[in-house]
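Chemist: Sequence:
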Amino acid sequence: SLAPASSRSKGYKKFMRYTCFGFGVPTVVVLIAISIDVACKDLEDTWVYKPLYGQDVCSVAKNSALYYVTLVNLVLYIINLIFSGLVVKTLCDFKQDTKEAASASSQKSRGRYTLYLKLFVIMGITWIFELIAWFAAGEDVKWYWSVFDVYNILHAVGIFWIFVCKVEIKDQLQEKDVGYT
Numbered sequence: 001s002l003a004p005a006s007s008r009s010k011g012y013k014k015f016m017r018y019t020c021f022g023f024g025v026p027t028v029v030v031l032i033a034i035s036i037d038v039a040c041k042d043l044e045d046t047w048v049y050k051p052l053y054g055q056d057v058c059s060v061a062k063n064s065a066l067y068y069v070t071l072v073n074l075v076l077y078i079i080n081l082i083f084s085g086l087v088v089k090t091l092c093d094f095k096q097d098t099k100e101a102a103s104a105s106s107q108k109s110r111g112r113y114t115l116y117l118k119l120f121v122i123m124g125i126t127w128i129f130e131l132i133a134w135f136a137a138g139e140d141v142k143w144y145w146s147v148f149d150v151y152n153i154l155h156a157v158g159i160f161w162i163f164v165c166k167v168e169i170k171d172q173l174q175e176k177d178v179g180y181t
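Following this note's numbering, the numbering of the sequence shown begins with 1 at its first residue and continues without gaps.
Check the hints yourself; a few may be wrong.
Subject to a maximum C-alpha distance of 25 Å in a straight line, what follows is the list of computed DSS-like cross-link-like pairs (lysine-lysine) [to be verified]:
no.	residue 1	residue 2
1	Lys176	Lys166
2	Lys170	Lys118
3	Lys14	Lys89
4	Lys62	Lys41
5	Lys166	Lys118
6	Lys89	Lys62
Just so you know, these hints were derived from the structure itself, not from any lab.
The whole structure should be built from the sequences, with the hints applied where relevant.
Modeler: Here is the structure:
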């Protein structure tokens with residue numbers, strides 16, 4: 001890379017922090033669950049919901065999934081929502097501080113906000129449905145889980161649409177004459 005070593009190391013350090021967080025937090029959660037599983041293995045009547053890894057299914061037992069999957073996800077989504085709100089607030093403050101005058105710049109900002117909103121909706125709906133399923137329907141409503149699985153499969157299509165299906169991309173494809181009409 002032709003970038004100065006200082007900027008490369010800053011980016012690398014940031015990448016490593018994110019990597020440690022991204023792999024570290026799930027690892028800690030799983031280690032805690034495994035510790036509970038091992039420590040409470042011989043206890044029959046206990047108030048602790050044991051994850052029972054690999055007992056019924058290859059993951060957490062169905063009766064414990066609420067505590068070891070859904071509630072953990074709920075906490076992560078609440079934290080994510082808080083961080084998303086802070087990012088939007090920072091962007092709005094920055095916009096107001098700089099007092100963007102150029103309409104092209106305002107148009108670009110609106111485009112970014114639209115992108116953030118689309119991603120927020122596409123990513124958030126999945127987990128809203130999952131939380132509703134666990135709290136309202138449970139595992140008994142098989143049709144709901146089938147609909148939810150199909151939605152998860154189509155999730156990637158939504159992200160593809162957000163990033164690829166744009167007028168600019170269409171124009172670039174037409175300019176390159178790749179047979180796109």
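Chemist: It remains to establish, for every hint, whether it holds in the given structure.
Modeler: Against the structure, the hints:
Among the hinted pairs, Lys176 with Lys166 is consistent with the structure: their alpha-carbon atoms are about 16 Å apart, no more than 25 Å. Note on Lys170 and Lys118: the hinted pairing holds, with a Cα-Cα distance of about 19 Å set against a maximum of 25 Å. Annotation: proposed proximity of Lys14 to Lys89 holds, straight-line Cα distance about 22 Å (limit 25 Å). Pair hint Lys62 plus Lys41 holds up; C-alpha atoms about 17 Å apart against a cutoff of 25 Å.
A threshold of 25 Å between alpha carbons decides the hint, and for Lys166 with Lys118 the separation of about 13 Å falls inside it, so the pair holds. Annotation: proposed proximity of Lys89 to Lys62 is violated, straight-line Cα distance about 39 Å (limit 25 Å).
When the structure is compared with the earlier hints, a violation turns up for hint 6 alone.
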